[in-house]
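A.B. asks: In case it helps, mature numbering (1 follows the signal peptide of the UniProt record, and there is no 0) puts the sequence shown at residues -22 to -1, 1 to 168.
One thing to keep in mind: the hints can contain errors.
Within a straight-line C-alpha distance of at most 30 Å, the following computed DSS-like cross-link-like pairs (lysine-lysine) qualify [as the list claims (entries may be wrong)]:
1. Lys18 <-> Lys63
2. Lys18 <-> Lys76
3. Lys76 <-> Lys63
It should be emphasised that the hints constitute simulated quantities derived from the structure, not laboratory data.
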Amino acid sequence: MVQECSLETRAFLLLCLPGCFAMSIPGILNGTVAGTLVVKCMYREGEEGHRKFLCRGPDRRRCVRVIETALGAGQEVRRGRVTLKDSPSEHMFLVVMKDLEVGDADTYWCGVDKNVPQVPVAVTVFPGNECLPSPFAWQWLKSGSGSLWLRGGVGSSPGPRTAFLGGEGGKEGPCVHAHACVRAGLRACV
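Whole structure, please, built from the sequences with the hints as guidance.
C.D. replies: Here's what the structure looks like:
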């Protein structure tokens, strides 16, 4: 059973599973084996009739499409364990991945009828009922060079975690990954 959660962002990710706390963080999504993930992908007004898709792979220019609609608005498409449902009145589409497997962990991209997908999604799948402990807080940081960082803390673990998500600065910078349950978008710090 997937619970309903809502947050407003250009593109956001959503995980609501019984026994796990809900998490809505752009670029990061965690799930458990045999569980269900829901990815909410937003698009702009005027793109309702375009083809929507989710593709997989670390490079957005060479990712492989997991699922896609045909041209037209309001479609629902099913392919194996994955369903994509377009909601043109809300300018978004949902991708539901059921019966998760460890092999599903990867970087995914939401896209709307363009050669280059728009939004990265890092998916991590854990065996059993492992979930990120509460409280869980993240903060998006943007440096003066245009680089994007994700900084946060997990439970009572000492010290913050920081991950470089990419940007214009061209420098990788430090990438500290002290908690195995976190992967960050554009460049995974695992």
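A.B. asks: For this structure, which hints from the list above don't hold up?
C.D. replies: none
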